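Asks: Each chain, written out:
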Amino acid sequence: MFLIYLKGFLTITVSGRFCERFINVCASRGILLWNVVRISDCAIRCRISVSDFKKISDITTDVNVTVQINIKHGLPFLIQKYKKRHVALLGCFIFIVLVIVSNLFVWKIEITGNKKIPQEKIISVLKDTGLKKGMLRSKIDPHQLQRDTLLKLPELAWLWVYHNGSKVIVDVRENIEIPKIYNHDDYTNIIAKRDGIIETMTVRGGIPVLSEGDTVLKDTVIVTGKVPSTVRQENRYIRADAEILARVWYEEKEIFSGLASVKNETGKKKTHFTLHFFDKDLNLFKNKEPFEHFLCDTKTYSLFGIGFTKKTYKEVEITEELQNLQTVADYGITQLKAKIESQVSPNSLLRDIKSSYKKLNKTSVEVTVIAEYLEDIAVTVPGVRTEDLN
Amino acid sequence: MARKKAKRLAPKKITKTLDIPEDVIFNSPRITMMSNKELRIENYTSILLYEENQVSVATKDVILSIQGENFSIEIITDDEFTLTGSIVCLEFSQSRS
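Protein chains in written order, with this note's numbering: chain E, 1 to 390; chain R, 1 to 97.
Treat the hints as calculated values from the structure; they're not laboratory data.
Any given hint could turn out to be false.
[To be verified] With a straight-line cut-off of 20 Å between C-alpha atoms, the simulated DMTMM-like cross-links for lysine to aspartate or glutamate are:
no.	chain 1	residue 1	chain 2	residue 2
1	R	Lys60	E	Glu20
2	E	Lys253	E	Glu174
3	E	Lys358	E	Glu243
4	E	Lys359	E	Asp330
5	E	Lys152	E	Glu110
6	E	Lys54	R	Glu91
7	E	Lys193	E	Asp376
8	E	Lys139	E	Asp186
9	E	Lys115	E	Glu155
10	E	Lys72	R	Asp78
11	E	Lys55	R	Asp19
12	E	Lys354	E	Glu252
[Stated by the list, open to error] Taking CB as the label site, the calculated pair distances span:
no.	chain 1	residue 1	chain 2	residue 2	range
13	R	Cys89	E	Ile69	47 to 57 Å
14	E	Ala88	R	Cys89	30 to 40 Å
15	R	Cys89	E	Thr13	27 to 37 Å
16	E	Cys42	R	Thr17	25 to 35 Å
17	R	Leu48	E	Lys54	24 to 34 Å
18	E	Lys83	R	Leu18	39 to 49 Å
19	E	Lys83	R	Asp19	55 to 65 Å
20	E	Asp52	R	Thr17	55 to 65 Å
21	E	Cys42	R	Leu18	22 to 32 Å
22	R	Glu22	E	Ala88	39 to 49 Å
23	R	Lys60	E	Asp52	20 to 30 Å
24	E	Ile69	R	Leu48	19 to 29 Å
25	E	Lys54	R	Lys60	26 to 36 Å
Computed from a predicted model, the values in this text were never measured in an experiment.
Each residue gets a CB set at the ideal place from its N, CA and C atoms; glycine is no exception.
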């Protein structure tokens, strides 16, 4: 069908008493007809290629039918239609040239693989080493970029640059933190990270000073690396190693106000535009914000490194409203629970959590949250030998 | 008489022995249908009648009359054509030749 479209075909109406004869004669002479539909007693509509149409003039005379062209389909007719539209053709040509030329430049740099190092830091180092928006793609040297960037960013273990069209992708791998290596003869003790009640102790090295069920205060020695020798008079010093799971409690108390600031829009609006040309910004307005209190909605549009940012400022009026104190207390409990969770180590197990609140006055509540966790409180610290003290 | 009969049956015997399709040797019409929506005829002679509800086709041995609704010829060449529409019945009648 695509080939027929390239060559062109016509939808024609054949009118006459002997349309069947017309079909038979065309078929016998090798003239291909398709989509033949009877439209009335004396007429049929069908499609025929342009080259075959030129052959049917004598058939129509012999068979005594008339042919009328309804629709012309295909590329030749399209070309004829747009042949006189020089400016449109020039525009298409310029567009194609612009797309090809713009594809030669770098318009977007994407960083993948980074978890701790911020993207902006990597991009700024890449700019110094020779990779930035708007440069020619052919000038990118991945080996040189890799060498120079890894020298300037020691946190990276590996880096590679490859491009996908006008987008450059920089794939990085960060260095894994080297674990602390202890000497076999190092003398260390295990102390408690915080107060608690020891539930289980797994001692892999050293002598336990406390046992399961004991209450321990912060910084108290739980396992010592000083081993008294029964054979010789002097003590032996080793590295203490243990896992101490203890019940610990976290408490947070805070006062929350019931007066909430509510922002109501006044209806006044102002729009500011900032133009971007690659990495350069041009503010069309002074940086000053138009209202004292406002909500700002920012949208950025860009294509091939050129674009603009539209900031819509909506003026708001701030009023204070008294909230339901129960709602404030619930909000406070949620906030304090999140605060406690941020302090707890990742492998801890939550055992119990109790929350309460007390109304201080009409506008504020005091919220208290106490959480019990089962946590590993072991911390390894270097010990001081008795001989060194003397 | 016997010789005439043998002469008439010889081509059939040959095609059966050599396993050649009969429509290739004898130019018999081959009719292929897909449900009642599409009908394809190979080795037809001419179209006798073409209307929206009835199509009559002449072949070497028989005249095939197709009745139904909304007929349209999808494609037609010198020895085959494809008819689409809603086919209700097919009727075979002996051709005069």
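Asks: Given the proposed pairing of Lys54(E) with Glu91(R), does the C-alpha separation stay at or below 20 Å?
Replies: violated, 37 Å
Asks: Assess, step by step, whether the Cα of Lys354(E) is no farther than 20 Å from the Cα of Glu252(E), and give holds or violated.
Replies: OK: Lys354(E) and Glu252(E) at ~11 Å, within 20 Å.
Asks: Quick one, are Lys139(E) and Asp186(E) close enough, alpha carbons at most 20 Å?
Replies: violated, 54 Å
Asks: Against the 20 Å threshold, does the CA-CA distance of Lys253(E) and Glu174(E) hold or violate the hint?
Replies: violated, 39 Å
Asks: Just to be sure I understand the hint, the distance between the Cβ atoms of Lys83(E) and Asp19(R) should be within 55 to 65 Å; is that true here?
Replies: This hint holds: roughly 58 Å between Cβ atoms.
Asks: Between Lys152(E) and Glu110(E), is the straight-line Cα distance small enough, at 20 Å or below?
Replies: holds, 19 Å
Asks: 25 to 35 Å was suggested as the range; check whether the CB atoms of Cys42(E) and Thr17(R) agree with it.
Replies: Cβ of Cys42(E) to Cβ of Thr17(R): about 51 Å, so the range 25 to 35 Å is violated.
Asks: With respect to the beta-carbon atoms only, verify the hint that Cys42(E) and Leu18(R) lie 22 to 32 Å apart.
Replies: With Cβ atoms ~49 Å apart, the hint is violated.
Asks: Can the restraint linking Lys55(E) and Asp19(R) be considered satisfied, given a maximum Cα separation of 20 Å?
Replies: violated, 41 Å
Asks: CB of Glu22(R) to CB of Ala88(E), is that within 39 to 49 Å?
Replies: violated, 60 Å
Asks: Taking 19 to 29 Å as the stated bounds, is the beta-carbon spacing between Ile69(E) and Leu48(R) within them?
Replies: The hinted range 19 to 29 Å holds for Ile69(E) and Leu48(R), with Cβ atoms some 28 Å apart.
Asks: So the hint says 20 to 30 Å: do the beta-carbon atoms of Lys60(R) and Asp52(E) match that?
Replies: holds, 27 Å
Hint violations for this structure: numbers 2, 3, 6, 8, 10, 11, 13, 14, 16, 18, 20, 21, 22, all remaining hints satisfied.
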